[in-house]
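A.B. asks: Take a look at the letters that make up each chain.
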Amino acid sequence: QKEVEQNSGPLSVPEGAIASLNCTYSDRGSQSFFWYRQYSGKSPELIMFIYSNGDKEDGRFTAQLNKASQYVSLLIRDSQPSDSATYLCAVNMGTGANNLFFGTGTRLTVIP
Amino acid sequence: GAGVSQTPSNKVTEKGKYVELRCDPISGHTALYWYRQSLGQGPEFLIYFQGTGAADDSGLPNDRFFAVRPEGSVSTLKIQRTERGDSAVYLCASSLGPKNIQYFGAGTRLSVL
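Chains as they are written, first to last, in our numbering: chain A, -6 to 105; chain B, 186 to 298.
Honestly, the hints are just simulated from the structure, not real lab data. Be aware that a few hints might be false.
What the hints assert, rightly or not - In the SDA-like style, the derived pairs of lysine to any residue whose C-alpha atoms are separated by at most 25 Å in a straight line are: (1) A:35 - B:263; (2) B:202 - B:235; (3) A:60 - A:86; (4) A:35 - B:224; (5) B:196 - A:75; (6) A:35 - B:250; (7) A:35 - B:256; (8) B:284 - B:249; (9) B:284 - B:297; (10) A:35 - B:281; (11) B:196 - B:225; (12) B:284 - A:102; (13) A:60 - B:229; (14) A:35 - A:102.
As the list claims (entries may be wrong) - Residues on chain B that point at chain A, a partial pick, calculated with CB under 7 Å: (15) 201; (16) 203; (17) 282; (18) 285.
As the list claims (entries may be wrong) - Covered stretches of chain A, as calculated for chain B (at least 3 residues, CB under 8 Å): (19) 27 to 37; (20) 41 to 52.
Here the structure is a predicted model, which is why all the values come from computation and not from measurement. We put the CB at the ideal spot given by N, CA and C, even for glycine.
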């Protein structure tokens, strides 16, 4: 069983729409959750992090965390073609581990 | 430095050869991580350093892989007797301390022919 699961996509949305990216994780003790954006051939770039249940907003991005359902999501409002990338969900499992567990990523394409 | 620096950016080697990959973390970051990313996959954890010591090496796939961080800053990932299956992008990340946000370098793309 994979520890962090994401829909690999591809997910296509028209420019200006809301893109919704989802992630589930297996370890109930997980403490911190991250969304990284990765352009093709580039390194992961941190977009958002969230530690507590609820929503966290930063500009056009909103991270949502539901620990009871072991679910974290990323919403991108007013999607732009420059948002086209792979979005990686990463989880710190919190069981003494400091490393991140990554999902396989969701490829997002924003169509102009 | 401004960010995590990794060298070389690309490395092509032959099966059976030895390679070293270098990571220079963000200045002042005590925690350093190595990950490996294969095509179409998310990064997979290899090893974590806190200061000079390897605090967690549970992700190293076998004893051909080794990493050091002798002065608590620059780290070198060493791979002996490379195999074609070692081909991947090797990513280094650093953070201010354990549990803190990790910032990634651009990676080293290793190709084993």
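A.B. asks: Now look at each hint and say whether the structure bears it out.
C.D. replies: Against the structure, the hints:
1. A:35 - B:263: Distance ~22 Å between residue 35 (chain A) and residue 263 (chain B) Cα, so the pair holds.
2. B:202 - B:235: Violated - the C-alpha atoms of residue 235 (chain B) and residue 202 (chain B) are around 29 Å apart, more than 25 Å.
3. A:60 - A:86: 12 Å, holds
4. A:35 - B:224: Holds - the C-alpha atoms of residue 224 (chain B) and residue 35 (chain A) are around 12 Å apart, at most 25 Å.
5. B:196 - A:75: 29 Å, violated
6. A:35 - B:250: Given pair residue 35 (chain A), residue 250 (chain B) holds - Cα atoms ~24 Å apart, limit 25 Å.
7. A:35 - B:256: 28 Å, violated
8. B:284 - B:249: Roughly 28 Å between the alpha carbons, so the hint for residue 284 (chain B) and residue 249 (chain B) is violated.
9. B:284 - B:297: The given pair, whose Cα atoms are some 33 Å apart, is violated under the 25 Å limit.
10. A:35 - B:281: Roughly 22 Å separates the two Cα atoms, so the pair holds.
11. B:196 - B:225: 20 Å, holds
12. B:284 - A:102: Cα-Cα ~31 Å, so violated.
13. A:60 - B:229: Measuring from Cα to Cα gives roughly 23 Å; hence the hint holds.
14. A:35 - A:102: Distance of about 16 Å is within 25 Å: holds.
15. 201: Since chain A brings no Cβ nearer than about 28 Å to residue 201 (chain B), farther than 7 Å, the hint is violated.
16. 203: Because about 25 Å separates residue 203 (chain B) from the closest Cβ in chain A, which is outside the 7 Å limit, the hint is violated.
17. 282: 9 Å, violated
18. 285: 9 Å, violated
19. 27 to 37: With 5 residues closer than 8 Å to chain B, the region 27 to 37 of chain A meets the three-residue bar; holds.
20. 41 to 52: Our answer is that it is violated, as 1 residues pass the Cβ test (under 8 Å) against chain B, missing three.
Figure legend: structure checked against the earlier numbered hints; hints not met, in rising order: 2, 5, 7, 8, 9, 12, 15, 16, 17, 18 and 20.
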